[in-house]
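2 protein chains.
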Amino acid sequence: MSEKHLSTGSECPPQDPKVLRCYSMKYCPYAERTRLILVLKGVKHDIVNIDLTRKPEWLFVKNPLGKVPALERNGEVLFESLITCDYLDQLYPTPSLYPSIPWKKAKDRILIELFSKVSSSMYKIYPNLKDSVAVNNAVEEVQKGLDIFEKEIAKRGTKYFFGAQPGMVDYMIWPWMERLPMVQNLIGDTKIISNERFPNLINWIGAMMEDATVKAVCISPQEHGKFLQLRLDGKFIYDFTME
Amino acid sequence: MSEKHLSTGSECPPQDPKVLRCYSMKYCPYAERTRLILVLKGVKHDIVNIDLTRKPEWLFVKNPLGKVPALERNGEVLFESLITCDYLDQLYPTPSLYPSIPWKKAKDRILIELFSKVSSSMYKIYPNLKDSVAVNNAVEEVQKGLDIFEKEIAKRGTKYFFGAQPGMVDYMIWPWMERLPMVQNLIGDTKIISNERFPNLINWIGAMMEDATVKAVCISPQEHGKFLQLRLDGKFIYDFTME
Chain L
1 MSEKHLSTGS ECPPQDPKVL RCYSMKYCPY AERTRLILVL KGVKHDIVNI
51 DLTRKPEWLF VKNPLGKVPA LERNGEVLFE SLITCDYLDQ LYPTPSLYPS
101 IPWKKAKDRI LIELFSKVSS SMYKIYPNLK DSVAVNNAVE EVQKGLDIFE
151 KEIAKRGTKY FFGAQPGMVD YMIWPWMERL PMVQNLIGDT KIISNERFPN
201 LINWIGAMME DATVKAVCIS PQEHGKFLQL RLDGKFIYDF TME
Chain A
1 MSEKHLSTGS ECPPQDPKVL RCYSMKYCPY AERTRLILVL KGVKHDIVNI
51 DLTRKPEWLF VKNPLGKVPA LERNGEVLFE SLITCDYLDQ LYPTPSLYPS
101 IPWKKAKDRI LIELFSKVSS SMYKIYPNLK DSVAVNNAVE EVQKGLDIFE
151 KEIAKRGTKY FFGAQPGMVD YMIWPWMERL PMVQNLIGDT KIISNERFPN
201 LINWIGAMME DATVKAVCIS PQEHGKFLQL RLDGKFIYDF TME
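Taken in order, these protein sequences are the chains called L and A.
The first sequence runs 1 to 243 under full-length UniProt numbering.
The second sequence runs 1 to 243 under full-length UniProt numbering.
For reference, chain L alone in the conformation it holds in the complex:
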């Protein structure tokens, strides 16, 4: 495995054939999805972190599109975060992460799909921090995307979207929700998640932060903020230390 993010010119660390390998990037929310499910399901795995701005040559040999996250087994590679998570869920069915009723399972898959409106709107905030109109528009888009989730969890009346425990919807949307406090720090005044508009989602965030899997995988807003600030300064540094 390699905690350090590997770049061009590196060598691929040897893989133990009995251990599933996950190619990741420490601050990537898509990769976090896969790591959450690996930890939750107790899958024996190692992590190899990849420098996404200077991807190692050997990555493309294994994985022609060079995508991260990716899982490797017997020299073959799976990618696309949700597909890797569904694969792990099918292979290790306990704990279950989807409703057993097909209609309800499909509803949960639609929710995961609809969350892309939230995540894509978040990416409009970062490059526009000096343009308050653009930031406000993007924040409003994020909020409109989140309205669906506020309404849905209120309707379900459960602690998590899945029920008494988190399920696939909860874990698939979490990585971006984890980054909201960091985004809030960046933009200052405009409140993204107010108590008036998102009372149930605020409870959900609290409940997720109590979850053992989330605790094991999540990163502090300060560390997310430092990574993003370096990026915004044009420095793609993946391996830094927090003072």
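Honestly, the hints are just simulated from the structure, not real lab data.
Each hint should be verified, as a subset may be incorrect.
Since the list can't tell identical chains apart, any single copy or any two copies may satisfy a pair.
[To be verified] Straight-line distance between alpha carbons at most 16 Å, and here's what the computed EDC-like set of lysine to aspartate or glutamate pairs gives:
1) K155 to E76
2) K107 to E76
3) K105 to E57
4) K104 to E76
5) K67 to E113
6) K26 to D46
7) K105 to E76
8) K151 to E196
9) K104 to D239
Dock chain A against chain L, hints included.
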């Protein structure tokens, strides 16, 4: 049901509660995905066609985002073409459409995902028919997307991507492959699918056209062409007759 595409001001046809309803648009490739699986699995259903430029008010009551295709049961609605198809596949497991081995199933899901490169590139052709450079670039993008499928079916060495019968990959990519001859007619000279570059995909297209489900659902290149020509002329006419 309604063969005619319903618009603003229309009334929703009454639904038989024992029959699954599919909201569709006759020429929409995404809706065709769902109709293929409905027919293949022998699901009792009715079709209500929707005028996508002037969607009926009642559609948004059932389905706030107004998306098509959608399935309705007991007043509840599912959308997203692949999710509706996976739902039908889970509910009616015969014939099977995915490999039973989780890793292979995930590989098939990745293929379906990768096809979006082909479909999105096709949509760059239509608005640029008078710009031969843009058309050539878009055709090249389509071809690069299809290279993955040519290579994959050659590697599998099977009649269909799924094996001796078509599976989810085959049916999910078919609607755009069905429209390729229509696109070829539109652009004239530049050959999209040549025998030299796509020998295995050409065999696959022939095999798909022999499939009973495809035969029951597909539409001729002439009819696709007429619909598109009307659209390019600014006329969004869904209910026309072929002379």
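Worksheet item: What hints, given by number in increasing order, does this structure fail?
Response: 3, 9
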